[in-house]
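Trainee: Given the coordinates of chain A, work out where chain B should sit on it, guided by the hints.
Chains A and B, in that order, give the protein sequences.
Residues 1 to 478 (this note's numbering) make up the first sequence, in order.
Residues 1 to 478 (this note's numbering) make up the second sequence, in order.
Note that these hints are calculated values from the structure, not bench results.
Source: prediction; values computed, not measured.
Check the hints yourself; a few may be wrong.
Since the list gives no way to pick one copy over another, a pair counts as held whenever it fits inside one copy or between any two copies.
For lysine-lysine, the following DSS-like pairs were computed, each having C-alpha atoms within a straight-line distance of at most 27 Å [what the hints assert, rightly or not]:
1. Lys314 / Lys56
2. Lys426 / Lys226
3. Lys330 / Lys404
4. Lys330 / Lys251
5. Lys56 / Lys324
6. Lys242 / Lys416
7. Lys56 / Lys192
8. Lys27 / Lys200
9. Lys206 / Lys85
10. Lys200 / Lys403
11. Lys319 / Lys56
12. Lys105 / Lys83
13. Lys357 / Lys381
14. Lys469 / Lys416
15. Lys324 / Lys242
16. Lys309 / Lys63
17. Lys109 / Lys149
18. Lys303 / Lys251
19. Lys324 / Lys251
20. Lys242 / Lys109
2 protein chains.
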Amino acid sequence: MAQEKKLVEAITSMNEDFAQWYTDVIKKADLVDYSSIRGCMIIRPYGYAIWEHIQKNLDTRFKETGHENVYMPMFIPESLLNKEKDHVEGFAPEVAWVTHGGSEKLTEKLCVRPTSETLFCEHYANIIHSYRDLPKLYNQWCSVVRWEKTTRPFLRTLEFLWQEGHTAHATAEEAQEETIKMLNVYADFCEKILAIPVVKGKKTEKEKFAGAHATYTIESLMHDGKALQSGTSHNFGDGFAKAFEIQYTDKNNQLQHVHQTSWGVTTRLIGAIIMVHGDDSGLVLPPAVAPTQLVIIPVQQHKEGVLEKANELKDRLSKVARVKIDDSDKMPGWKFSEHEMKGVPLRLEIGPKDIEKNQAVLVRRDNREKVFVSLDELETKVTELLADVQNGLLEKARQMRDKKTYIAKTLDEFEKTINETPGFIKAMWCGDRACEDTVKEKTAATARCIPFEQEKISDTCVCCGKEAKHMVYWGKAY
Amino acid sequence: MAQEKKLVEAITSMNEDFAQWYTDVIKKADLVDYSSIRGCMIIRPYGYAIWEHIQKNLDTRFKETGHENVYMPMFIPESLLNKEKDHVEGFAPEVAWVTHGGSEKLTEKLCVRPTSETLFCEHYANIIHSYRDLPKLYNQWCSVVRWEKTTRPFLRTLEFLWQEGHTAHATAEEAQEETIKMLNVYADFCEKILAIPVVKGKKTEKEKFAGAHATYTIESLMHDGKALQSGTSHNFGDGFAKAFEIQYTDKNNQLQHVHQTSWGVTTRLIGAIIMVHGDDSGLVLPPAVAPTQLVIIPVQQHKEGVLEKANELKDRLSKVARVKIDDSDKMPGWKFSEHEMKGVPLRLEIGPKDIEKNQAVLVRRDNREKVFVSLDELETKVTELLADVQNGLLEKARQMRDKKTYIAKTLDEFEKTINETPGFIKAMWCGDRACEDTVKEKTAATARCIPFEQEKISDTCVCCGKEAKHMVYWGKAY
Numbered sequence: 001m002a003q004e005k006k007l008v009e010a011i012t013s014m015n016e017d018f019a020q021w022y023t024d025v026i027k028k029a030d031l032v033d034y035s036s037i038r039g040c041m042i043i044r045p046y047g048y049a050i051w052e053h054i055q056k057n058l059d060t061r062f063k064e065t066g067h068e069n070v071y072m073p074m075f076i077p078e079s080l081l082n083k084e085k086d087h088v089e090g091f092a093p094e095v096a097w098v099t100h101g102g103s104e105k106l107t108e109k110l111c112v113r114p115t116s117e118t119l120f121c122e123h124y125a126n127i128i129h130s131y132r133d134l135p136k137l138y139n140q141w142c143s144v145v146r147w148e149k150t151t152r153p154f155l156r157t158l159e160f161l162w163q164e165g166h167t168a169h170a171t172a173e174e175a176q177e178e179t180i181k182m183l184n185v186y187a188d189f190c191e192k193i194l195a196i197p198v199v200k201g202k203k204t205e206k207e208k209f210a211g212a213h214a215t216y217t218i219e220s221l222m223h224d225g226k227a228l229q230s231g232t233s234h235n236f237g238d239g240f241a242k243a244f245e246i247q248y249t250d251k252n253n254q255l256q257h258v259h260q261t262s263w264g265v266t267t268r269l270i271g272a273i274i275m276v277h278g279d280d281s282g283l284v285l286p287p288a289v290a291p292t293q294l295v296i297i298p299v300q301q302h303k304e305g306v307l308e309k310a311n312e313l314k315d316r317l318s319k320v321a322r323v324k325i326d327d328s329d330k331m332p333g334w335k336f337s338e339h340e341m342k343g344v345p346l347r348l349e350i351g352p353k354d355i356e357k358n359q360a361v362l363v364r365r366d367n368r369e370k371v372f373v374s375l376d377e378l379e380t381k382v383t384e385l386l387a388d389v390q391n392g393l394l395e396k397a398r399q400m401r402d403k404k405t406y407i408a409k410t411l412d413e414f415e416k417t418i419n420e421t422p423g424f425i426k427a428m429w430c431g432d433r434a435c436e437d438t439v440k441e442k443t444a445a446t447a448r449c450i451p452f453e454q455e456k457i458s459d460t461c462v463c464c465g466k467e468a469k470h471m472v473y474w475g476k477a478y
Numbered sequence: 001m002a003q004e005k006k007l008v009e010a011i012t013s014m015n016e017d018f019a020q021w022y023t024d025v026i027k028k029a030d031l032v033d034y035s036s037i038r039g040c041m042i043i044r045p046y047g048y049a050i051w052e053h054i055q056k057n058l059d060t061r062f063k064e065t066g067h068e069n070v071y072m073p074m075f076i077p078e079s080l081l082n083k084e085k086d087h088v089e090g091f092a093p094e095v096a097w098v099t100h101g102g103s104e105k106l107t108e109k110l111c112v113r114p115t116s117e118t119l120f121c122e123h124y125a126n127i128i129h130s131y132r133d134l135p136k137l138y139n140q141w142c143s144v145v146r147w148e149k150t151t152r153p154f155l156r157t158l159e160f161l162w163q164e165g166h167t168a169h170a171t172a173e174e175a176q177e178e179t180i181k182m183l184n185v186y187a188d189f190c191e192k193i194l195a196i197p198v199v200k201g202k203k204t205e206k207e208k209f210a211g212a213h214a215t216y217t218i219e220s221l222m223h224d225g226k227a228l229q230s231g232t233s234h235n236f237g238d239g240f241a242k243a244f245e246i247q248y249t250d251k252n253n254q255l256q257h258v259h260q261t262s263w264g265v266t267t268r269l270i271g272a273i274i275m276v277h278g279d280d281s282g283l284v285l286p287p288a289v290a291p292t293q294l295v296i297i298p299v300q301q302h303k304e305g306v307l308e309k310a311n312e313l314k315d316r317l318s319k320v321a322r323v324k325i326d327d328s329d330k331m332p333g334w335k336f337s338e339h340e341m342k343g344v345p346l347r348l349e350i351g352p353k354d355i356e357k358n359q360a361v362l363v364r365r366d367n368r369e370k371v372f373v374s375l376d377e378l379e380t381k382v383t384e385l386l387a388d389v390q391n392g393l394l395e396k397a398r399q400m401r402d403k404k405t406y407i408a409k410t411l412d413e414f415e416k417t418i419n420e421t422p423g424f425i426k427a428m429w430c431g432d433r434a435c436e437d438t439v440k441e442k443t444a445a446t447a448r449c450i451p452f453e454q455e456k457i458s459d460t461c462v463c464c465g466k467e468a469k470h471m472v473y474w475g476k477a478y
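So that you can see chain A by itself, here it is in the shape it has in the complex:
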């Protein structure tokens, strides 16, 4: 038990220093290691396995909605990046430039893709000719690079993994439908798979994507009351199509520009999982993305029959869950805290006395509830408990989010609330950029989104007092 204590003590408490707690968890749970390249992380097997589950589930959803995967080059020639004015202004300041290939200096420098709109547009201009070629529903899994000044594993890194959907449609209506459809796919994925409730809405003009007509977002709330933009879906209208001359002949033989969308989520979702579900014992993983859903810890494993029984249970349970057995020579207490640190949803303990009674002990990671289960009904019980943990985590996260969601009718109230009890602030807005800027200046909070579900907090803008147009979710954000 001395060792167990030591392991737990090694993590800073959440309430004491949230940032340090986060750093402790990602290191101790073996999610990442640092590399010698500033701001780039090594995603270790345990962290990468979570990403693989995210990928697999999302990829299935993309394919079910008719999307196909492709792969674009990782380099973008400077001239291509420059084609869409807003886009290049948004991204050029933060790209990495390749200037030499082998020993030769390139005649045109290439940037490492920060996002691939320009590449998709160039390709679409090549392959789209007729209305029969539409829609094009493409997606790409890859890594992208943005030369950020301050970085943090998963949340903001120089290089990160993501998927970027890029679609082209015949009409503005279809593009808008696609934009919202994919936002809903993300929202449903976050709630059902990551157990993270999200607020869906539209970004303000100030916060929208460089080159987009409109940006939609899902926003989630972390344990420290900060917001995390968890996925975005952009409607480009025909802006890129005009810059890149992506045209098709419609049924009446008229040339038309296509209407485009793009949408993406990144490895930052892993950061969200950590900061929404984690606690002072470490990571807490939703079963749907947990690399190991149940860990078997043999108690008094040197005693005859214990390891055999543990292995027998592993074989049985492997049919209903992702199971590991920890038969290392560490003490059970040490193993308990190690797998708690890693957020394994369920722990099964089995020792000589349990075997005698034909039972096992099951312990939930989320609330530490402990139950004795007959070995005869183990599969049923484990399946049930995993579903309970998954649902329980979503419910708990929703309660946390709701508890940390406040309303403000005046800027003073806004400032006081966000400083004393950080969280989402719901407040009215007149729609003027000036007020958005003032709010940020005074409170450090940004407009997270204009939610689809509008409420009337008051009649007037929280900042200028003029007539309000929208209710906005505000917050300090990662």
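Mentor: Frame of chain A; chain B shown alone:
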């Protein structure tokens, strides 16, 4: 039928101009598109779906043999690349250099990974301490960049997709066992899944990987008689471990260097599929990696009941195969050649007369055999035929390879054979680099490998006439 003819005519015949045939196929089968970055390709949905099947099957095999996936940064600082002497000499001349991030000039330039040995080594030095930490069996799926002068889609591109396995072991024996195990995984995968027979063997010192102790390879033979290195597995010994100080404490509390391996296959496997199985009508895909295994072509689809029946069959057959229906408004003949071009293994034709007779027509892509099948036994027959096509392709490829494998006892014979009937040349070798160089100079052929299965062609080296040490497979290579 006029349209069908036109489509087929659009491909150059293999025998006329193999290189042009290859280019025609990859374009007409919608595998790739060119981009504005020299030597980089866009992998289109149909090409990428083949890669996804390759990935999925290999990834399962890697996991079954105990490997875990990770993700390393895509950049390598110059100083890190420089740590292992042979390695940097091999790769530095062909890397892309990032010199600027945003608007700032970097203090140390970064190369875009051409391969990730150095990154894995740095990480291993960080995380390996004790014999309990071994073995480390890691793999990574990513893209890498090599600044090649001449490029060709799939076969040699500036950027390509691959997987790179990197492992660390306690002993030299374990590392050697791993090296051969993964070579066998590749060989089995190529034969069973890609229907491509391979020769397994060791590379000569001249041909081995920069920094390796020994390189093993699987070599396949293309339709034009050229060899393609299809996968490699390297034993690094403790060379990298010494350069990067990767040490562990063994059971006797002694510091030891680890022994390492790496192994990889790339998107060039898609090039192999094209050049081994393709014909003058286009691509021929092994069912195991075919995005569509069976295409349903309704005949006289405007007639009552035809489309309904075709869709009903699609639903039924989707349970046993990857099925598509082509109900576009093109002529059946056009559809036939389009799906032949794309290499779909089976075609099902169904028209009013077939429906009357409760039958369908099934046509194999590989040998164009046509059978009439009762609708009652369609699932069984399709499953059978797909297995037949898969096996038939391997058998056909083996016959082609064997037919194009020659022996040579003298350099004259060698030269004449490889020029008149390109293929593998089996010939004896004394083991001297000088002879290897002479063979290359005179014949343009390189030592593909010293095969595990040795034969005695003669007693003396094909070049110098001295005593022979090994039988070698030689060939001109991609």
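Trainee: For each hint, tell me whether it holds in the structure or not.
Mentor: Hint-by-hint comparison with the structure:
no. : hint            : in the structure
1   : Lys314 / Lys56  : both (24 Å within a copy, 25 Å between copies)
2   : Lys426 / Lys226 : within (14 Å within a copy, 68 Å between copies)
3   : Lys330 / Lys404 : neither (40 Å within a copy, 59 Å between copies)
4   : Lys330 / Lys251 : between (71 Å within a copy, 16 Å between copies)
5   : Lys56 / Lys324  : both (21 Å within a copy, 23 Å between copies)
6   : Lys242 / Lys416 : neither (47 Å within a copy, 59 Å between copies)
7   : Lys56 / Lys192  : both (14 Å within a copy, 25 Å between copies)
8   : Lys27 / Lys200  : neither (32 Å within a copy, 41 Å between copies)
9   : Lys206 / Lys85  : within (16 Å within a copy, 51 Å between copies)
10  : Lys200 / Lys403 : within (18 Å within a copy, 64 Å between copies)
11  : Lys319 / Lys56  : both (19 Å within a copy, 21 Å between copies)
12  : Lys105 / Lys83  : both (23 Å within a copy, 24 Å between copies)
13  : Lys357 / Lys381 : within (17 Å within a copy, 53 Å between copies)
14  : Lys469 / Lys416 : within (23 Å within a copy, 84 Å between copies)
15  : Lys324 / Lys242 : neither (54 Å within a copy, 34 Å between copies)
16  : Lys309 / Lys63  : between (42 Å within a copy, 25 Å between copies)
17  : Lys109 / Lys149 : both (22 Å within a copy, 17 Å between copies)
18  : Lys303 / Lys251 : between (78 Å within a copy, 25 Å between copies)
19  : Lys324 / Lys251 : between (58 Å within a copy, 25 Å between copies)
20  : Lys242 / Lys109 : within (25 Å within a copy, 37 Å between copies)
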